[in-house]
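Numbers in my numbering are just positions in the sequence shown, counted from 1, shifted up by 113.
Worth flagging that the hints you see were computed from the coordinates, not collected in a lab. Quick caveat: nothing in here was measured; it's all calculated off a predicted structure. Backbone N, C-alpha and C define an ideal beta-carbon position, used for all residues, glycine too.
Simulated pairs of lysine to aspartate or glutamate, EDC-like, Cα-Cα distance not exceeding 16 Å:
{"id": "1", "residue 1": "K442", "residue 2": "D354"}
{"id": "2", "residue 1": "K223", "residue 2": "D132"}
{"id": "3", "residue 1": "K230", "residue 2": "E155"}
{"id": "4", "residue 1": "K259", "residue 2": "D354"}
{"id": "5", "residue 1": "K442", "residue 2": "D253"}
{"id": "6", "residue 1": "K483", "residue 2": "D377"}
{"id": "7", "residue 1": "K221", "residue 2": "E155"}
{"id": "8", "residue 1": "K221", "residue 2": "E130"}
{"id": "9", "residue 1": "K375", "residue 2": "D354"}
{"id": "10", "residue 1": "K323", "residue 2": "D333"}
{"id": "11", "residue 1": "K375", "residue 2": "E484"}
{"id": "12", "residue 1": "K375", "residue 2": "D348"}
{"id": "13", "residue 1": "K259", "residue 2": "D333"}
Taking CB as the label site, the calculated pair distances span:
{"id": "14", "residue 1": "G226", "residue 2": "G327", "range": "47 to 53 Å"}
{"id": "15", "residue 1": "Q399", "residue 2": "P115", "range": "57 to 63 Å"}
{"id": "16", "residue 1": "K230", "residue 2": "E463", "range": "46 to 52 Å"}
{"id": "17", "residue 1": "D184", "residue 2": "E463", "range": "36 to 42 Å"}
{"id": "18", "residue 1": "P474", "residue 2": "D228", "range": "42 to 48 Å"}
{"id": "19", "residue 1": "P474", "residue 2": "I313", "range": "48 to 54 Å"}
{"id": "20", "residue 1": "D311", "residue 2": "P474", "range": "48 to 54 Å"}
{"id": "21", "residue 1": "G327", "residue 2": "E463", "range": "28 to 34 Å"}
{"id": "22", "residue 1": "G226", "residue 2": "S174", "range": "32 to 38 Å"}
{"id": "23", "residue 1": "E138", "residue 2": "L347", "range": "47 to 53 Å"}
{"id": "24", "residue 1": "A351", "residue 2": "R245", "range": "29 to 35 Å"}
{"id": "25", "residue 1": "G327", "residue 2": "S210", "range": "46 to 52 Å"}
{"id": "26", "residue 1": "E463", "residue 2": "P330", "range": "33 to 39 Å"}
{"id": "27", "residue 1": "K483", "residue 2": "G426", "range": "34 to 40 Å"}
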Amino acid sequence: MPSFRDLLRDAKARIREIDTITAAEELARPGTVVLDVREPDEYEQGAIPGAIHIPRGHLESQVENKVLNHDAHVVIYCAGGTRSAFAADTMRLLGYSDVASMAGGFNKWKDEGRDWKAPASLSAEQRNRYQRHLLLPEVDVAGQQKLLDSKVLLLGAGGLGSPAAMYLAAAGVGTLGIIDMDVVDESNLQRQILHNMDRIGERKVDSAKKTLTGINPDVDVVTYDVRLGADNVLDIFAGYDLIIDGTDNFPTRYLVNDASLKLDIPVIHGSIFRFEGQASVYLPHQGPCYRCQVPEPPPAELAPSCSEAGVLGVLPGIIGSIQAMEAIKVLLGIGDPLVGRLLAYDALEETFRTFKVNRDPECAACSIPKEDLVIAEYDEYCMPHPIAAPVG
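Using the sequences plus the hints, can you model the full thing?
Next comes the structure, spelled out in structure tokens:
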């Protein structure tokens, strides 16, 4: 029966083992993956910057989800070089072709004064709550920490704001601001899933806060029980990383567009009408803005509100969920957000179509310096404001 020493000797004979000097040289090369196989409590006390963390006991089940390229050059380390040797042998069996174990491990790396830092850490409860996120290499601990540090403002606690807020809260977005000056009405409950029968007559922002904190106590819900207008839009928007636009009228959408351009805050747009919905993403000065897409509002008879034309209750759930997905993509810098694209959904046909939207080089909003934008109320025609506000 082979002993532990025999197993370790045999494993090292089958792998490539390098010292810390060689490891440092190889980690400086573009494309090198550094893998930490220590336990979570060891990792949280300090790690090599950029390391992917997979405890040795979870390596077989998780490594192929986090190190996708089997031909990537991988340098593995543990505390002293033993677990990393066994890990390198395991990865060899899994088909990874270029793996090395760092002799001496993190302890020697640190003693030599090489670069290390204490990584962003999650509590045991947070690791359990966000476990499915942590399995995704595009998210992992660093991405989840980024979500927890993010601040998102939702314009409206209604049909679109409800699913968007609930999914963002569940995902662990640390601060959710909600602006709405309405009260919960029984007619809202067919689509506004933040609320329930017991909350009829309550302020919507208060009802929303109860629901969201019940979903995730990590989330700080900031409420604004006011009308959004030119007099407060800049103050409310300031400090947020991203805006979820669930407004239902054109004057407010143009106001939101101008404020986002002035403050350089991305906007995730959503709109619904009967059985149809739309979504897009506006990154200030990097793609088209809302006015590029809709230079002027359509006549009122062609764009009635949901209270006039009706809306299928499930529809805002679909569009609001898309807004939440696009928000997370923008916050994490992953995927291909709907920048310069308008996603159109038809519930009756069950079809999605994507239309390209070009930036207008002469757009009255995004073609001028943001300092020249005038923040003022729009009337029903939503025509661009003059660059300088009228005197007197």
